[in-house]
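Student: Following the hints, put chain B in place on chain A, whose structure we already have.
Residue numbers (our numbering), protein chains in the order written: chain A, 1 to 259; chain B, 1 to 174.
Don't take each hint at face value.
[Stated by the list, open to error] Per the computed footprint, the stretches of chain A lying under chain B, defined by three or more beta-carbons under 8 Å from a beta-carbon of chain B, are:
(1) 212-221
(2) 227-239
(3) 242-252
To be clear, the hints were calculated from the coordinates, so they are not data collected in a lab.
Every value quoted in this text rests on a predicted model; they were computed, and no experiment measured them.
For every residue, glycine included, the Cβ atom is placed at its ideal position computed from N, Cα and C.
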Amino acid sequence: MTTRLGAQPVTSAPYVFKREPQGFSGQPPRSGATIADLIFFTPQSNSAVVPPAARSLDERLKATYRLLRFRDSGDSSQEEAAHDILYQTSQTTLLVEVKEFRYPFSAALIKHDDEFVAATKETEHRLARARRVAAELQQICGPEDLSGEEEFARVELLVQRYGQIAIEAIADLLFRLPTTSELVSILVLVLARVQDEETKKDRQALLISALESRHPSMRYLAAAALGEIGDFAARRALNKRLDHERNRSVATIIRASLR
Amino acid sequence: MPILVRRVNKPQVWAEADEPSAWHDGSFPFAVLSELVELRGSGLSFYEISSSQDYNLERIAAALKFTAKQIESIEFRGLELARAQQLGFDVKATAGDTKDLGVNGLHRELSIPSGPQAVSLAREMCKLQLAFGAHEVANFLVNSLLNDYLPFKEMSKDLLHALKQLDRVKLVRL
Numbered sequence: 001m002t003t004r005l006g007a008q009p010v011t012s013a014p015y016v017f018k019r020e021p022q023g024f025s026g027q028p029p030r031s032g033a034t035i036a037d038l039i040f041f042t043p044q045s046n047s048a049v050v051p052p053a054a055r056s057l058d059e060r061l062k063a064t065y066r067l068l069r070f071r072d073s074g075d076s077s078q079e080e081a082a083h084d085i086l087y088q089t090s091q092t093t094l095l096v097e098v099k100e101f102r103y104p105f106s107a108a109l110i111k112h113d114d115e116f117v118a119a120t121k122e123t124e125h126r127l128a129r130a131r132r133v134a135a136e137l138q139q140i141c142g143p144e145d146l147s148g149e150e151e152f153a154r155v156e157l158l159v160q161r162y163g164q165i166a167i168e169a170i171a172d173l174l175f176r177l178p179t180t181s182e183l184v185s186i187l188v189l190v191l192a193r194v195q196d197e198e199t200k201k202d203r204q205a206l207l208i209s210a211l212e213s214r215h216p217s218m219r220y221l222a223a224a225a226l227g228e229i230g231d232f233a234a235r236r237a238l239n240k241r242l243d244h245e246r247n248r249s250v251a252t253i254i255r256a257s258l259r
Numbered sequence: 001m002p003i004l005v006r007r008v009n010k011p012q013v014w015a016e017a018d019e020p021s022a023w024h025d026g027s028f029p030f031a032v033l034s035e036l037v038e039l040r041g042s043g044l045s046f047y048e049i050s051s052s053q054d055y056n057l058e059r060i061a062a063a064l065k066f067t068a069k070q071i072e073s074i075e076f077r078g079l080e081l082a083r084a085q086q087l088g089f090d091v092k093a094t095a096g097d098t099k100d101l102g103v104n105g106l107h108r109e110l111s112i113p114s115g116p117q118a119v120s121l122a123r124e125m126c127k128l129q130l131a132f133g134a135h136e137v138a139n140f141l142v143n144s145l146l147n148d149y150l151p152f153k154e155m156s157k158d159l160l161h162a163l164k165q166l167d168r169v170k171l172v173r174l
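So that you can see chain A by itself, here it is in the shape it has in the complex (with noise of 0.2 Å):
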C-alpha cells in the first residue's frame, strides 16, 4: 500500500475538547483563539435556553486572565483548564458582565488586549441595538389593547427589520413569559411563519430548543410550529423528541405534524 507523502493517517482522531458541557451545540473556540474570538464565541443555541453557568463570574473572570497569560508560554494543560470554564457560558454574557458590574478584571483585560477595546465597542452597539428591539417587543407585548393579528404584524415586521437582534429578544421574552400566555402562541408562530430567509436557521434552532422545554404547552406549540415548516430539520427534531415524549397530548400533535 503507498501512502502520499505528508498525508495524515486516517485513523488519527480529531481534536476535541474532552468535557464540552452540556447545553452547548456550537463548535468551541480554537485552542489559539485571541480573545476577540473568545469573548463573541456563542453556542448556536441561544443563550436564553443555556443551563446557568456553574462556576461564578470570579472563576470565569480569572480563567479569563489566565487564559491570556497562558496562551504565549505553551503551557496548554493551564490554558485547556481556563477554557474549559470559559465554556461553561456564553462569552458574550461574560462580557455583558465584566461591563454591567464594572469587575476590576476588565480594566486589565482592557489594557491586555487591544482587540478587546474594539470587541468592546462593538459588543456595546449591538447591546445598545438589542436594548432597543427589546424595549420595542415589550411595547408591542404589553399592556396595549392590540389583537393577536395586530400583534403577529408588529412582531414580525420587527424580526424583518432587525433580524437576529430580534430573534434574541423574541427568545429572551419567550422564556420568561407564562407558558400558557397567548402571547407565547404568537411569538411562536411569527418564528415559524415569518417571511424572512436571513434568520430561517436562527428561528428553527429556537423552536428546536423549545421543543425540549419542560412545559408540555410550550413543547405543544413549538412541535405545532415546526410541523408547519416541515422541512427536513424540522422533522429530525420532531422525531427526535417523539422518541421520549411522555405527554400524550404532545405526542398526538408530534406525529400529526410528521404526518
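Tutor: Positioned in the frame of chain A, the structure of chain B alone reads:
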C-alpha cells in the same frame, strides 16, 4: 358509538391538563375551563361524528379552517354522546355556520354547563384527542374544494396563498 367533538382554541392549555400532576391531590387545571365558554349561541358548540375514524372529521376540519388566513394544525377534543347525556347535558341539533352545508348538519349544542358539569366535561375531553397537522389540514381543504363541499369562489386570497406555499395548489393562467 357516536362521538361529540369540539374544536380546541388553545391546545397548549389541554397539553398542560394532560399532565397527571394537573389532576393530582384534588387539583384541577383551571385554564381548561376557559375552553368551555361559548361567546355566541345558547350552548357549547360540538360536531357529531360516528367514530374517531369518521371521514367527516376531516371535512369538519376543512370547513373550520376555510375562513382562516393561514393553514395551521387543528385539534379536537371529544367524548361519547352517551357519556355527555350521562353527565346531564341536553344535546340539541342546531345549524352550524361554516361554508360547508354538510358539516353544518352535524352541528350540536350542549346546554351551558354548571361548574361541576364543566369539570366533569373537561376530564372526559382530556381522554379523547384528535389532532391534524398543518399539511393534513391543507390536504383536507383541497379535498373539500375539489368535491365542492366548500365554495372555491369564497376562498380568501390569503388562504389561496397559504395553499400555494404548501404546494397543494398550482396556479395556471387561463
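Student: Run every hint past the structure and note whether it holds.
Tutor: So, going through the hints one by one against the coordinates:
1. Only when three residues or more bring their CB closer than 8 Å to a CB of chain B does the claim for the stretch 212-221 of chain A stand; here the count is 7, and the claim holds.
2. Counting residues of the stretch 227-239 of chain A whose CB lies closer than 8 Å to any CB of chain B gives 3, which reaches the minimum of 3, so the coverage claim holds.
3. For the stretch 242-252 of chain A, the stated coverage by chain B holds: 5 residues have a C-beta nearer than 8 Å to a C-beta of that chain, and at least 3 were required.
Checked against the numbered hints given earlier, the structure satisfies every one of them.
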